[in-house]
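Protein chains: 2
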Amino acid sequence: MAMSAATTQSFLLNNKTTRQNYQTLKSATHIAAFPSTHVHSTTTLTSTYKSMSISCSAAATTTTTPLQTPPSTSSDRVFNFAAGPATLPENVLQKAQADLVNWRGSGMSVMEMSHRGKEFLSIIQKAESDLRTLLNISDEYAVLFLQGGATTQFAAIPLNICSPDDAVDYIVTGSWGDKAYKEAAKYSKPNVIWSGKSEKYTKIPNFDSLVQNPDAKYLHICANETIHGVEFKNYPTPLNEKTILVADMSSNFCSKPVDVSKFGIIYAGAQKNVGPSGVTIVIIRKDLIGNAQESTPVMLDYKIHAENNSLYNTPPCYGIYMCGLVFEDLLDQGGLVEVEKKNQKKAQILYDAIDSSNGFYRCPVEKSVRSLMNVPFTLAKPELEAEFVKTAAGEKMVQLKGHRSVGGMRASIYNAMPLAGVEKLVTFMKEFQAKHG
Amino acid sequence: MAMSAATTQSFLLNNKTTRQNYQTLKSATHIAAFPSTHVHSTTTLTSTYKSMSISCSAAATTTTTPLQTPPSTSSDRVFNFAAGPATLPENVLQKAQADLVNWRGSGMSVMEMSHRGKEFLSIIQKAESDLRTLLNISDEYAVLFLQGGATTQFAAIPLNICSPDDAVDYIVTGSWGDKAYKEAAKYSKPNVIWSGKSEKYTKIPNFDSLVQNPDAKYLHICANETIHGVEFKNYPTPLNEKTILVADMSSNFCSKPVDVSKFGIIYAGAQKNVGPSGVTIVIIRKDLIGNAQESTPVMLDYKIHAENNSLYNTPPCYGIYMCGLVFEDLLDQGGLVEVEKKNQKKAQILYDAIDSSNGFYRCPVEKSVRSLMNVPFTLAKPELEAEFVKTAAGEKMVQLKGHRSVGGMRASIYNAMPLAGVEKLVTFMKEFQAKHG
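Line by line, the protein sequences are chains D and Y.
Number 237 in the UniProt record's numbering belongs to position 237 of the first sequence; there are no gaps in the numbering.
Number 147 in the UniProt record's numbering belongs to position 147 of the second sequence; there are no gaps in the numbering.
Note that these hints are calculated values from the structure, not bench results.
It is possible that some hints are incorrect.
In this list, chains with the same sequence are indistinguishable; a pair is considered to hold if it fits within one copy or across any two.
Quick list of in silico lysine-lysine cross-link-like pairs, DSS-like style, CA-CA up to 27 Å [as the list claims (entries may be wrong)]:
| # | residue 1 | residue 2 |
| --- | --- | --- |
| 1 | K126 | K381 |
| 2 | K390 | K126 |
| 3 | K303 | K182 |
| 4 | K118 | K424 |
| 5 | K390 | K118 |
| 6 | K424 | K435 |
| 7 | K435 | K256 |
| 8 | K126 | K396 |
| 9 | K118 | K396 |
| 10 | K286 | K186 |
| 11 | K182 | K233 |
| 12 | K126 | K256 |
| 13 | K381 | K262 |
| 14 | K396 | K95 |
| 15 | K367 | K430 |
Just chain D, same shape as in the assembly (with noise of 0.2 Å):
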């Protein structure tokens, strides 16, 4: 990816079309002063104009009203609580709105790009440089943008770092790290050093009591566990040093500052915090790249995506464009240690509202190691979970009914959900309660 620092900064920074596109609409049309709480909404008006011929006298005579509605306002949206994909921040897709049919005055929507020219070179230079900043990523370490989710990983690392003979250790706190060591099987020889399935997956191993295998290519953590809540808050030494710690992130990723340098490969699907599906995120040092087997398909091996700066074939150039927005939006909040704090307050509302509700609503994991990200609880009373889902969902709070294998209720509260969302479950929760309790 050469591409001269001045070429990518008058892509990035020319938004000349839109600006255009604003100025001719603002000579064409009759806008008064809008309400300062309207500062995110995008307007948007598609139309056939074949016959169209709309003239609005009334409008025209009343230009110190303020509009109450503006087109397509926050207000017109629900708060999304889905596990992944999940809620984007606005203001992201409302500057994806604006440039998909013509990106700052190329001519052509992202989705068009060729991935080998400079306007998607540019994109995905500034993706990977955010992401880096974002997570202190040394250059010690390859960031490669792939396809195929965490499940593709799965398969990917035990291919890439193993001999088939090898042995590697996985702490299983969930259904991904349990299918996570299920695929490292076809691969490596596969160890589990610790499980939570009998205590239903509530609970993070004290780290002192593993027992770790001394000749393990790896030890294999899924950070956070999207279906069961359980977070990982700090992280597990590899007992030997040619040991490396291998982390599935997939639903806490960018959701706090990581020292990356404790880890040989972190790995995500971008769904939950980053972007939309189909965007795989792969932060690997770059020693361990160059040994896979022979069996492994070309797409899977992190040398060719490393070589060929993940342009080996057609990346999924719209999803990763995605991603680099969600990027700036991160470093426009101050980076992670600020989002990291907007993560712990919503938390912690919600959590401090099941607590306090005398038992009506249950939180099953153990207080320590409760997912910043993803909240399960249930009901003291089952029978009412199925009102609770639909009424909330009535009052646009939706996705909050728990993954079919637990059950129960899970609120997922990634990054871009507004605290405001969290404050109107918790509302809603306790007038739930007030009338079923």
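Given chain D's structure and the hints, the job is docking chain Y onto it.
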């Protein structure tokens, strides 16, 4: 994907929010009659309203004056001849833009939707249904929406169809067929039964002269070679009934009618004719599913995806949505018979311009097998090629440089390239020749 037709229908027809947005904007906007030439235009305004106070009394007094340049018109866009990702239908992009922040009153972007929610199920279900209609795909075939590009399928096909010792036949008519063959050697015993390499990949073999292996599990072709511009106009019949025909149709998928029943597997990356990059479509005869080699990564096992209706893990939701919009557009055009006619016309005027240039322009491909999609050509004076590409770009015709492996120029004229784009290119070619010939 069990979903009632009524539910699907309500999502597909309910465009309430877009209508509301339009109504609201209409009442606040002062727009005179647009000329009928602006049928497909979209108006987008993004702004920070905080400090905005606009009063357009001039516009208010000119209600009868047509706006000559509505914002974000077609004229702002370039003609993009990229080989993929490639140009998409402008009306499809405009639909996506209108619904990007809030899809059809759902209160969320398609990018934010749970892949198991009723909204996204309605989208993927309709995309599959429309594709089945377009290509007349029978129930004997599964349609899968996957990730990883055709390159991932290069491995998946032998992994799913063969034992490691099984023989398979490859006809290699270009770089992509060659890559497919090389990847297959990891999981089967492939044999190249014909290669066009010595003739620089400008031909398709005479089928009668092929020496097929009677024990081959499949016969593989690349239906259209994107780099070299050679296209199968009909298809070879495998020697043995047990041998299936497998085709990579990445760069001519949905560009013309195809008799799917002749194939065991058809696969295609979406990013040429039917959508953005990041979606791979596999059409596979159902009886071929379920025999993957033990070492097959779970994400490359067709059985997993078929049993889960492409929802085993999180699919590339937004890309599938975009493909669905393109399928609708192709049906609106009258289906693939009509689409092929348009493609034939576009290709004809471009090849005619080359062939009637008295050698100023040259296309190396044998006339009977020239691609309707990718038109490679060279200049008799190669020193002018850089100027050709640069000058064309200055006139809003971009991405005309040939693939780095073959040089010269290449005009990719997929479904979404308007006739006007090819006409403009041909006019430019004649002017360029007049100036330099």
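Hints violated by the structure (listed by number, smallest first): When the structure is compared with the hints, numbers 1, 7, 13 turn out to be violated.
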